[in-house]
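K.L.:
Got chain A; can you put chain B on it based on the hints?
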Amino acid sequence: DAKTTQPPSMDCAEGRAANLPCNHSTISGNEYVYWYRQIHSQGPQYIIHGLKNNETNEMASLIITEDRKSSTLILPHATLRDTAVYYCIVPTNAGKSTFGDGTTLTVKP
Amino acid sequence: GAVVSQHPSWVICKSGTSVKIECRSLDFQATTMFWYRQFPKQSLMLMATSNEGSKATYEQGVEKDKFLINHASLTLSTLTVTSAHPEDSSFYICSARDLGGLAGTGELFFGEGSRLTVL
Chain A
20 DAKTTQPPSM DCAEGRAANL PCNHSTISGN EYVYWYRQIH SQGPQYIIHG
70 LKNNETNEMA SLIITEDRKS STLILPHATL RDTAVYYCIV PTNAGKSTFG
120 DGTTLTVKP
Chain B
165 GAVVSQHPSW VICKSGTSVK IECRSLDFQA TTMFWYRQFP KQSLMLMATS
215 NEGSKATYEQ GVEKDKFLIN HASLTLSTLT VTSAHPEDSS FYICSARDLG
265 GLAGTGELFF GEGSRLTVL
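Line by line, the protein sequences are chains A and B.
Numbering of the first sequence is given in the working numbering, commencing with residue 20 and proceeding in unit increments.
Numbering of the second sequence is given in the working numbering, commencing with residue 165 and proceeding in unit increments.
It is worth saying that the hints were derived from the structure and are not from the lab.
A couple of the hints might just be wrong.
Unchecked claim - When the alpha-carbon atoms are kept at most 25 Å apart in a straight line, the in silico BS3-like pairs for lysine-lysine are as follows:
| # | chain 1 | residue 1 | chain 2 | residue 2 |
| --- | --- | --- | --- | --- |
| 1 | A | Lys-115 | A | Lys-71 |
| 2 | A | Lys-115 | B | Lys-228 |
| 3 | A | Lys-115 | A | Lys-22 |
| 4 | A | Lys-22 | B | Lys-205 |
| 5 | B | Lys-184 | A | Lys-115 |
| 6 | A | Lys-22 | A | Lys-71 |
| 7 | B | Lys-205 | A | Lys-115 |
| 8 | B | Lys-230 | A | Lys-115 |
| 9 | A | Lys-127 | B | Lys-205 |
| 10 | B | Lys-230 | B | Lys-178 |
Stated by the list, open to error - Among chain A residues calculated to face chain B with C-beta under 10 Å, some are:
| # | residue |
| --- | --- |
| 11 | Ser-28 |
| 12 | Cys-31 |
| 13 | Gln-61 |
| 14 | Gly-62 |
| 15 | Pro-63 |
| 16 | Tyr-106 |
| 17 | Pro-110 |
| 18 | Asn-112 |
| 19 | Ala-113 |
| 20 | Gly-114 |
| 21 | Lys-115 |
| 22 | Thr-117 |
| 23 | Gly-119 |
| 24 | Asp-120 |
As the list claims (entries may be wrong) - Computed far set for chain B versus chain A, every beta-carbon distance over 12 Å:
| # | residue |
| --- | --- |
| 25 | Pro-250 |
| 26 | Asp-252 |
| 27 | Arg-279 |
Even for Gly, the Cβ is constructed at its ideal location relative to N, Cα and C.
Here chain B stands alone, though its shape is the one from the complex:
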């Protein structure tokens, strides 16, 4: 069945560096993907909506210059955490809905998550 895959699953970086996380929809196309952030013992918080071929839409309080989103193809969205700091350490999760064509199931898929640790 359709799957959403994230890479890397975990990453450790130094403060001040940038980190890119990829989210891929496998065997379906996704014009829209979503990025969430989850801190320990908390729920998932929607950060932004990634739109293929256009600018991302950010939720209130999420810095667009800090969290750069690129959705250059129908199967790939990337989230870049720029100038990362320890407070950016979190679990980042993406999702996409399979709406494509007659075979589209409408199911909503989540990636496995990417754990970022900023030292």
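Next comes chain A alone, as it looks inside the complex:
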């Protein structure tokens, strides 16, 4: 399964967009990129996933570069409750995943 690299931490002002980058340069052609977030003492919460097209749902947007080697998760209007650790993973087809250290996003008032 492909490794991912994310910045360790980011700050964002409440109400502004939070853009969280992820590098996955060893991703294979049929592997999806998944984003999860984890709030203290809880299991990872699914946010969004994509293969090569940009995706949007009620939580976020996912922008994947044309070469698929990196992606950006966008939280359009960050709130204090979005403060969490965000993980970008590229699981195998069976679902096996290697987690990096993720990005700790702190949304500030």
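P.N.:
Chain B in isolation, oriented as in the chain A frame:
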């Protein structure tokens, strides 16, 4: 939508006892499930792959006799921490992917986690 559920969500036990944690896939079948361990302020670390009807596959450095995994049905995998010690205190998380049939979404689901504290 499909969900993965863990039980118990937290457990406290005495050193030397064994503890069983269940991971269930709700409304989808999972031939493969995954178990992770997470220590405070660290990321999730894959422990093992649970395979329905066959032996689990353990990651390097994870003791198979210490962490017994049983995947007896397509919706249930169990992790038993045998002869638990304080250093086994951790947050244990399972996951499964919904690959089933035409309705399979391919989505990867994680359980809520089980916090084990060994006294």
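K.L.:
All hints, please: hold or fail.
P.N.:
Verification of the hints:
1. A/Lys-115 - A/Lys-71: holds, 20 Å
2. A/Lys-115 - B/Lys-228: holds, 18 Å
3. A/Lys-115 - A/Lys-22: holds, 12 Å
4. A/Lys-22 - B/Lys-205: Distance of about 20 Å is within 25 Å: holds.
5. B/Lys-184 - A/Lys-115: Given that 25 Å is the threshold and the Cα spacing comes to 22 Å, the pair holds.
6. A/Lys-22 - A/Lys-71: Cα-Cα ~17 Å, so holds.
7. B/Lys-205 - A/Lys-115: holds, 22 Å
8. B/Lys-230 - A/Lys-115: holds, 21 Å
9. A/Lys-127 - B/Lys-205: With Cα atoms ~21 Å apart, A/Lys-127 and B/Lys-205 stay inside 25 Å; holds.
10. B/Lys-230 - B/Lys-178: holds, 16 Å
11. Ser-28: Since chain B brings no Cβ nearer than about 13 Å to A/Ser-28, farther than 10 Å, the hint is violated.
12. Cys-31: violated, 21 Å
13. Gln-61: holds, 7 Å
14. Gly-62: holds, 4 Å
15. Pro-63: holds, 4 Å
16. Tyr-106: The hint holds - A/Tyr-106 has a Cβ within 10 Å of chain B, the shortest such distance being about 7 Å.
17. Pro-110: holds, 5 Å
18. Asn-112: holds, 8 Å
19. Ala-113: Since chain B brings a Cβ to about 5 Å from A/Ala-113, closer than 10 Å, the hint holds.
20. Gly-114: holds, 3 Å
21. Lys-115: With Cβ-Cβ at 6 Å, under 10 Å, it holds.
22. Thr-117: holds, 7 Å
23. Gly-119: holds, 6 Å
24. Asp-120: holds, 5 Å
25. Pro-250: holds, 19 Å
26. Asp-252: holds, 17 Å
27. Arg-279: Given a closest Cβ separation of 7 Å, the condition is violated.
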